[in-house]
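S.K.: Protein chains in written order, with this note's numbering: chain A, 1 to 331; chain B, 1 to 331; chain C, 1 to 212; chain D, 1 to 212.
Because the hints were derived from the structure by calculation, they are not lab data. Positions of the beta carbon are idealized from the N, C-alpha and C atoms, including for glycine. Heads up, some of the hints might be wrong.
To be verified - Pulled a few chain B residues facing chain D out of the computed Cβ check, cut under 10 Å:
hint: 1; residue: PRO31
hint: 2; residue: GLY54
hint: 3; residue: PRO83
hint: 4; residue: GLY125
hint: 5; residue: VAL139
hint: 6; residue: LYS200
hint: 7; residue: GLY208
hint: 8; residue: GLU211
hint: 9; residue: PRO222
hint: 10; residue: PHE331
Stated by the list, open to error - Think about it this way: if two alpha-carbon atoms lie no more than 30 Å apart in a straight line, the pair counts; the simulated DSS-like pairs of lysine-lysine are:
hint: 11; chain 1: A; residue 1: LYS279; chain 2: B; residue 2: LYS67
hint: 12; chain 1: D; residue 1: LYS49; chain 2: B; residue 2: LYS28
hint: 13; chain 1: D; residue 1: LYS25; chain 2: B; residue 2: LYS2
hint: 14; chain 1: C; residue 1: LYS25; chain 2: A; residue 2: LYS2
hint: 15; chain 1: B; residue 1: LYS98; chain 2: B; residue 2: LYS67
Each chain is listed here by its residues.
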Amino acid sequence: MKKFINNPQQFVPEMLEGLALANPDTLKYVPEYNLIMRADGPDQNKVSIVQGSGSGHEPAHVMIVGKGMLDAACPGDVFAAPPFDYVYNTTKLLASPKGVLLLVNNYTGDKMVFDMAQEMSSAEGIDVRTLFINDDVSVEDSTYTIGRRGVAGNFFVIKAVAAAAERGADLDEVIRIGEKVNSVTRTMGVALTACTPPAKGSPLFELGEDEIELGVGIHGEPGRRRAKMMTANEIVEELLTPIVSDLPFTAGDRVALMVNGLGGTPISELYILYGQAHKRLAEQGISVGRSYVGEYCTSLDMAGASITLVRLDEEIESLLLDPAEVPIRVF
Amino acid sequence: MKKFINNPQQFVPEMLEGLALANPDTLKYVPEYNLIMRADGPDQNKVSIVQGSGSGHEPAHVMIVGKGMLDAACPGDVFAAPPFDYVYNTTKLLASPKGVLLLVNNYTGDKMVFDMAQEMSSAEGIDVRTLFINDDVSVEDSTYTIGRRGVAGNFFVIKAVAAAAERGADLDEVIRIGEKVNSVTRTMGVALTACTPPAKGSPLFELGEDEIELGVGIHGEPGRRRAKMMTANEIVEELLTPIVSDLPFTAGDRVALMVNGLGGTPISELYILYGQAHKRLAEQGISVGRSYVGEYCTSLDMAGASITLVRLDEEIESLLLDPAEVPIRVF
Amino acid sequence: MTTADLADVEYVVHTLAQTAVDNEKEFGDLDAVVGDGDLGYSLARGFEKVLSDWDSYKRDDVATFLQQIALAISSRIGGTSGPLWGTAFLRASATAKNFAMVDGPAVVAILRAAAEGIQARGNASLGDKTLLDALVPATEELERQIVAGASADECRAAFARTARACADATSTLEAKRGRASYSGTRSIGSPDAGAVAIAIIIERIIAEWDSH
Amino acid sequence: MTTADLADVEYVVHTLAQTAVDNEKEFGDLDAVVGDGDLGYSLARGFEKVLSDWDSYKRDDVATFLQQIALAISSRIGGTSGPLWGTAFLRASATAKNFAMVDGPAVVAILRAAAEGIQARGNASLGDKTLLDALVPATEELERQIVAGASADECRAAFARTARACADATSTLEAKRGRASYSGTRSIGSPDAGAVAIAIIIERIIAEWDSH
Ligand SMILES: Nc1ncnc2c1ncn2[C@@H]1O[C@H](COP(=O)(O)OP(=O)(O)O)[C@@H](O)[C@H]1O
Ligand SMILES: Nc1ncnc2c1ncn2[C@@H]1O[C@H](COP(=O)(O)OP(=O)(O)O)[C@@H](O)[C@H]1O
Ligand SMILES: [Mg+2]
Ligand SMILES: [Mg+2]
Ligand SMILES: [Mg+2]
Ligand SMILES: [Mg+2]
Numbered sequence: 001m002k003k004f005i006n007n008p009q010q011f012v013p014e015m016l017e018g019l020a021l022a023n024p025d026t027l028k029y030v031p032e033y034n035l036i037m038r039a040d041g042p043d044q045n046k047v048s049i050v051q052g053s054g055s056g057h058e059p060a061h062v063m064i065v066g067k068g069m070l071d072a073a074c075p076g077d078v079f080a081a082p083p084f085d086y087v088y089n090t091t092k093l094l095a096s097p098k099g100v101l102l103l104v105n106n107y108t109g110d111k112m113v114f115d116m117a118q119e120m121s122s123a124e125g126i127d128v129r130t131l132f133i134n135d136d137v138s139v140e141d142s143t144y145t146i147g148r149r150g151v152a153g154n155f156f157v158i159k160a161v162a163a164a165a166e167r168g169a170d171l172d173e174v175i176r177i178g179e180k181v182n183s184v185t186r187t188m189g190v191a192l193t194a195c196t197p198p199a200k201g202s203p204l205f206e207l208g209e210d211e212i213e214l215g216v217g218i219h220g221e222p223g224r225r226r227a228k229m230m231t232a233n234e235i236v237e238e239l240l241t242p243i244v245s246d247l248p249f250t251a252g253d254r255v256a257l258m259v260n261g262l263g264g265t266p267i268s269e270l271y272i273l274y275g276q277a278h279k280r281l282a283e284q285g286i287s288v289g290r291s292y293v294g295e296y297c298t299s300l301d302m303a304g305a306s307i308t309l310v311r312l313d314e315e316i317e318s319l320l321l322d323p324a325e326v327p328i329r330v331f
Numbered sequence: 001m002k003k004f005i006n007n008p009q010q011f012v013p014e015m016l017e018g019l020a021l022a023n024p025d026t027l028k029y030v031p032e033y034n035l036i037m038r039a040d041g042p043d044q045n046k047v048s049i050v051q052g053s054g055s056g057h058e059p060a061h062v063m064i065v066g067k068g069m070l071d072a073a074c075p076g077d078v079f080a081a082p083p084f085d086y087v088y089n090t091t092k093l094l095a096s097p098k099g100v101l102l103l104v105n106n107y108t109g110d111k112m113v114f115d116m117a118q119e120m121s122s123a124e125g126i127d128v129r130t131l132f133i134n135d136d137v138s139v140e141d142s143t144y145t146i147g148r149r150g151v152a153g154n155f156f157v158i159k160a161v162a163a164a165a166e167r168g169a170d171l172d173e174v175i176r177i178g179e180k181v182n183s184v185t186r187t188m189g190v191a192l193t194a195c196t197p198p199a200k201g202s203p204l205f206e207l208g209e210d211e212i213e214l215g216v217g218i219h220g221e222p223g224r225r226r227a228k229m230m231t232a233n234e235i236v237e238e239l240l241t242p243i244v245s246d247l248p249f250t251a252g253d254r255v256a257l258m259v260n261g262l263g264g265t266p267i268s269e270l271y272i273l274y275g276q277a278h279k280r281l282a283e284q285g286i287s288v289g290r291s292y293v294g295e296y297c298t299s300l301d302m303a304g305a306s307i308t309l310v311r312l313d314e315e316i317e318s319l320l321l322d323p324a325e326v327p328i329r330v331f
Numbered sequence: 001m002t003t004a005d006l007a008d009v010e011y012v013v014h015t016l017a018q019t020a021v022d023n024e025k026e027f028g029d030l031d032a033v034v035g036d037g038d039l040g041y042s043l044a045r046g047f048e049k050v051l052s053d054w055d056s057y058k059r060d061d062v063a064t065f066l067q068q069i070a071l072a073i074s075s076r077i078g079g080t081s082g083p084l085w086g087t088a089f090l091r092a093s094a095t096a097k098n099f100a101m102v103d104g105p106a107v108v109a110i111l112r113a114a115a116e117g118i119q120a121r122g123n124a125s126l127g128d129k130t131l132l133d134a135l136v137p138a139t140e141e142l143e144r145q146i147v148a149g150a151s152a153d154e155c156r157a158a159f160a161r162t163a164r165a166c167a168d169a170t171s172t173l174e175a176k177r178g179r180a181s182y183s184g185t186r187s188i189g190s191p192d193a194g195a196v197a198i199a200i201i202i203e204r205i206i207a208e209w210d211s212h
Numbered sequence: 001m002t003t004a005d006l007a008d009v010e011y012v013v014h015t016l017a018q019t020a021v022d023n024e025k026e027f028g029d030l031d032a033v034v035g036d037g038d039l040g041y042s043l044a045r046g047f048e049k050v051l052s053d054w055d056s057y058k059r060d061d062v063a064t065f066l067q068q069i070a071l072a073i074s075s076r077i078g079g080t081s082g083p084l085w086g087t088a089f090l091r092a093s094a095t096a097k098n099f100a101m102v103d104g105p106a107v108v109a110i111l112r113a114a115a116e117g118i119q120a121r122g123n124a125s126l127g128d129k130t131l132l133d134a135l136v137p138a139t140e141e142l143e144r145q146i147v148a149g150a151s152a153d154e155c156r157a158a159f160a161r162t163a164r165a166c167a168d169a170t171s172t173l174e175a176k177r178g179r180a181s182y183s184g185t186r187s188i189g190s191p192d193a194g195a196v197a198i199a200i201i202i203e204r205i206i207a208e209w210d211s212h
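Using the sequences plus the hints, can you model the full thing?
M.R.: Right under this line is the structure:
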C-alpha cells in the first residue's frame with residue numbers, strides 16, 4: 001500500500017484536522033466525535049441537517065458541510081458507521097428549536113446506530129428524525145434483507161433538504177422533500193479495481209486485469225457480478241439499463257444525470273461516460289436538465305464510477321439550483 | 001489497462017464532447033481543433049484568455065473554461081502539445097479587439113508550437129501574446145535547458161489574469177499580472193504510482209511497492225529522484241523545503257497553499273498533506289491566506305500530489321477572490 | 001454470587017478482548033472476502049480501549065461490570081459490530097442481575113440473552129449467515145451438555161467444538177444480513193466473518209481456561 | 001530534374017511514413033523510458049494522415065511535394081515532434097528548390113537543411129541527446145562517402161550504419177532538451193527515442209531501396 005498517511009489509525013482524524021485548517025472561517029472540528037460542523041452552527045432558525053456515515057467516501061460528507069448544505073457531518077472510521085456515542089453527542093450539539101434531521105445511507109450498521117441515537121436523543125427532548133437513503137438499484141429490495149443501499153444519489157437528497165431547510169421549511173416539510181427526492185433517485189456503480197483501506201493495507205478483493213465488478217456499493221465490498229472488461233459505451237449500457245427500467249424513467253422525463261467517480265478514476269474518463277449516457281438518454285426521449293460530473297461519493301482509491309438519475313420536477317430542480325458554499329469549491 | 005474508454009484515439013474528442021453535452025449553455029466544442037470555448041465567446045470587450053497544453057491533466061484546462069476563467073482551452077492529445085494548426089485557428093477564433101493572451105506551461109514542444117502560432121497570428125494582425133508559466137522547483141533552471149516546467153501553479157496565473165481581463169484590464173496589464181503571479185508561485189510534486197496513457201495501455205514507468213518518485217512533472221515522465229516510501233509528514237517535508245527555500249518564502253509572508261492531486265489519489269489523503277503543510281508553514285511564520293485542496297492539474301490516473309505556494313499581496317489575493325463559473329462546479 | 005464468579009467473568013471478557021486485539025488482521029481478512037474488511041479494525045479499536053481502561057471499571061457485581069463493558073463498546077466500536085456487541089453485553093448484564101451465582105444455567109441464560117439482544121437489534125434469523133449461526137447453536141449445545149450432567153471440562157469443550165463447527169458451516173449459507181448480503185449468492189463458499197470470530201474467541205477462552 | 005528524382009523522394013517519404021505507423025508501439029516505448037511515451041502516437045497519427053492523403057499531394061516538383069508534407073505534418077502532429085518534423089520538411093523543401101536534380105550533393109544539402117531547421121526550431125546542440133545526434137553525423141558520413149567516390153550502395157549503407165551507431169551511442173549522453181531532460185542524469189543509460197526512431201527509419205529506407 002502506498003498512500004499519503006502517517007498512521008492508519010490517525011487517517012480520519014488527520015484528514016478532518018486538515019479540512020478544518022483549510023476552512024478556518026467556516027468549519028469547526030470536534031475531535032471527540034469525529035465531527036465537522038459549521039463554525040457558526042447550529043442555526044437556531046432552521047432545521048439542522050446532519051449526515052452520518054463511514055469515512056472513505058470523501059468528499060462525502062465532511063467536505064460538503066457549509067451554508068446551503070450540511071450543518072454537520074459525523075463520520076465513523078473507514079467504511080464503518082460512527083459509534084453510537086458520536087452520533088448521540090452530535091445530535092445534542094446540533095439541536096435546534098426547529099429540529100434535527102439525520103440523513104443516513106441505508107446499511108445495517110448505520111441503521112442500527114442512528115436508530116439508537118435517535119431514540120436516545122428523542123428521549124432527551126430533542127426533535128430529531130432520521131431519513132434513510134436507498135438509491136442503489138443493484139441490490140434487490142426484499143423483505144429478507146435490509147433493502148437497498150444508499151450510494152451517490154444521497155447528494156441530491158442532501159442538496160434538496162438542505163436548500164429547503166435554508167429557506168425555512170419545518171422538519172416535516174424537510175422530510176417530505178427528502179423522501180420525495182429519494183423516491184425518484186436511482187444509482188448503479190461499477191468498479192475497475194478494488195480499493196485499499198489504510199488499516200488493511202491491501203486491496204479488499206482481487207480483480208483480474210480484464211475483469212470488472214458490476215453493481216458495487218461504496219464500501220469496497222464486491223458487487224453483484226463479475227464481468228469481462230468492456231468499452232466505456234458498453235459499461236454505460238450496463239449501468240443505465242437497470243436504472244432506467246427500475247423507476248422507470250420514461251420518454252418526456254427531465255432528469256439530473258450524475259457521473260460519480262469512485263476515487264481512482266480521472267475526470268476525463270467520467271466525461272466519456274457522461275457523453276454516452278447523455279446521448280443514450282436522449283435517444284429514449286429523456287432530457288438532461290442538470291449534469292453532475294466528478295467525485296461526489298467515493299470508495300477511497302477505487303477506480304470506477306456510478307451513474308445516478310433523478311427525475312426532476314419544478315420543486316426539486318429549484319432546490320438543486322439554490323447556492324451552497326462548501327469546502328470542495330474550486331476557487 | 002482498465003479504463004472507461006472506447007478507443008484510445010477517441011479519448012480526447014469523446015471527453016470534450018461529453019464536457020460540451022454537460023454544459024450546453026456555457027460551452028462550445030469545436031472538434032476540428034479540439035477546442036473548448038465559451039458558448040458566447042469571444043467577448044469583444046475583454047482580452048481573451050486561452051490556455052493550451054496536452055490533455056491528460058483534467059480538470060486542467062478544458063474544464064475551467066467559463067466566466068471569470070478561460071475563454072478557451074486548446075488541448076492536444078494526451079501529454080502532447082496541440083498541433084500548430086489548432087493553436088493558430090483557436091487564436092483566430094478567439095481574436096478580440098483587446099487582444100489574446102495564450103497561457104502555456106513551459107515545455108519544449110508547447111513553447112515551439114505556441115511561438116509558431118503567435119508569429120503566424122501576429123502576421124495576420126491579431127494582437128496576441130504568449131506567457132510561459134514555470135513554477136516547478138524540481139527542475140533546475142540553467143541556460144543549457146529550456147528551463148523550469150509549468151505545473152499546477154498555472155491555476156493561480158490563470159485565475160489572476162482571467163479576473164483582471166474580466167475587470168477590463170488591457171493586454172499589457174494582464175501580462176504584467178500574469179508575470180507577477182508566476183514569479184511568486186512555486187510547486188513541487190511526488191508520484192506514488194506511474195500513470196497509464198490510453199494509447200500506450202501500460203504504465204509509463206515501474207515503481208516498486210515501496211518506492212516513490214520525487215520531483216515529477218505532470219506528463220507521467222519519471223521525476224528527479226526515486227526514494228523509499230515515507231510517511232505523509234515526511235513527504236510534506238520533501239516537497240515543502242525546496243519550495244520555501246526557492247523563492248524564498250519567509251516569516252511574515254501570507255500565502256495561498258494548494259495541495260493538488262495527480263489523479264489517482266483520493267481527496268482524503270490530500271487533506272492529510274494539507275494539514276501538515278499548513279502547520280509546518282505556521283511554524284515558520286508563514287500564514288495561509290487561501291487554501292486549495294483537490295484535483296487541479298493531474299497526470300491521468302497517477303497516484304500522487306503536488307504542493308504549490310503563492311506569495312500573496314493585496315492585488316493577487318483580490319484577483320483570486322473574484323467569482324468564476326466553470327464546469328468543475330459542485331452544484 | 002462469589003468473587004470467583006466475577007473472576008471468571010473478568011477472565012472471559014479479558015480473553016475475548018485480547019483475542020479481538022490479537023486477531024485484528026485475521027478478522028479483517030475474513031470480512032474482506034465478501035464484506036468490507038473492517039471487522040478486525042472495529043473490534044480491535046473497541047476492545048483495546050476495554051483493555052486499556054480495564055482497571056477503571058466498577059466491579060460491584062457481574063451485572064455492573066458487564067454493563068460498563070457494554071457502554072465502552074458501543075461508544076467506541078463503529079460499524080455494525082458496535083450496536084450488536086454493545087447490545088449483547090447490555091442484555092447479558094441485565095440477565096446477570098437475575099442470578100445470585102454464575103453457574104452453568106446462569107451462563108446459558110446470559111449467553112441466550114446476549115444472542116437475543118443481537119437478534120432484536122439486527123433483525124437476523126438463524127441461517128442468515130451471521131455470528132448468531134455460531135453463538136446460538138453453541139449455547140444450545142452447552143445447555144444440552146449441562147442438562148446431561150457432563151463435567152465442566154466436557155461442557156466447555158463441547159461449547160467450543162460446536163461454535164467452530166457451526167461457524168465453518170456458514171460457508172454453505174447465503175448472506176441475508178450485513179454488507180456481505182449485497183454480494184448475493186457470491187457469499188456462498190466462504191464462512192461468515194463474525195461467526196468465525198466468535199469461534200476463535202470461544203476456542204481461546206476454553207483453551208486457556210485452566211491457566212487463569 | 002527528372003521524374004526518377006520525384007519517385008525517389010516519394011519512396012523515401014512513403015517509407016518514412018509507413019515506418020512511423022508500423023513502429024507506433026516501439027517508438028512509444030522508447031519515449032517512455034525517461035520521456036512521456038507519446039512519440040509513437042504523435043508520429044503515427046501524423047504520418048497515417050500523410051499516407052491516407054497520399055494521392056492528394058501536388059507533385060509539380062520535389063519542393064512542392066515536400067512542402068505539402070510539411071504542412072500536413074505540422075497541422076496534425078502535436079507535441080515536440082510536430083514543430084520539429086514540420087520545420088525539417090519545410091527547410092528540406094526550400095533547399096530542394098535550389099537543385100535542378102536530386103543527386104548525392106543535393107541529398108546532403110537537403111538533409112543538412114532539415115537538420116538545421118530542427119536545430120533552429122528546438123535550439124538543441126549536438127550532444128544534447130536528441131534526434132540530431134543521429135541525423136547530423138549520418139549526413140556528414142554520407143557526404144564523406146560521396147566525396148570519396150563511393151558507390152551509391154556503399155553511400156547508403158554507410159549512411160544507415162552511422163545513423164544506427166550514433167543513435168545507440170546517445171545512451172551515454174545526458175538529455176539536455178525535451179521532456180527527457182527533466183530526469184537529469186537518470187536519462188543516461190538509455191538511448192534517445194527520437195534518435196533511435198531516425199535510425200530505424202533510415203535503416204528501413206535503405207533496406208528496401210532496391211525493391212522500389
Ligand atoms: N443484521 C445482523 N445481525 C446479526 N449479525 C450481523 C448482522 N449484520 C452483520 N452481522 C455480523 O457482523 C459481521 C460484520 O461486522 P462489521 O464488519 O463490523 O459490519 P459492517 O458490515 O458494518 O462492516 C458479519 O460477519 C456478521 O456476522
Ligand atoms: N529541443 C529539441 N531539439 C531537437 N530534438 C528534440 C528537442 N526536444 C526533443 N527532441 C526530440 O524529440 C523526441 C521526443 O519527441 P516527442 O515525444 O514528440 O516530444 P515530447 O517531449 O513533447 O513528448 C526526443 O526523443 C528528441 O529526439
Ligand atoms: Mg464496515
Ligand atoms: Mg509529449
Ligand atoms: Mg465489515
Ligand atoms: Mg514524448
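S.K.: Which hint numbers does the structure go against, in order from smallest to largest?
M.R.: Violated hints: 1, 4, 7, 8 and 10; rest satisfied.
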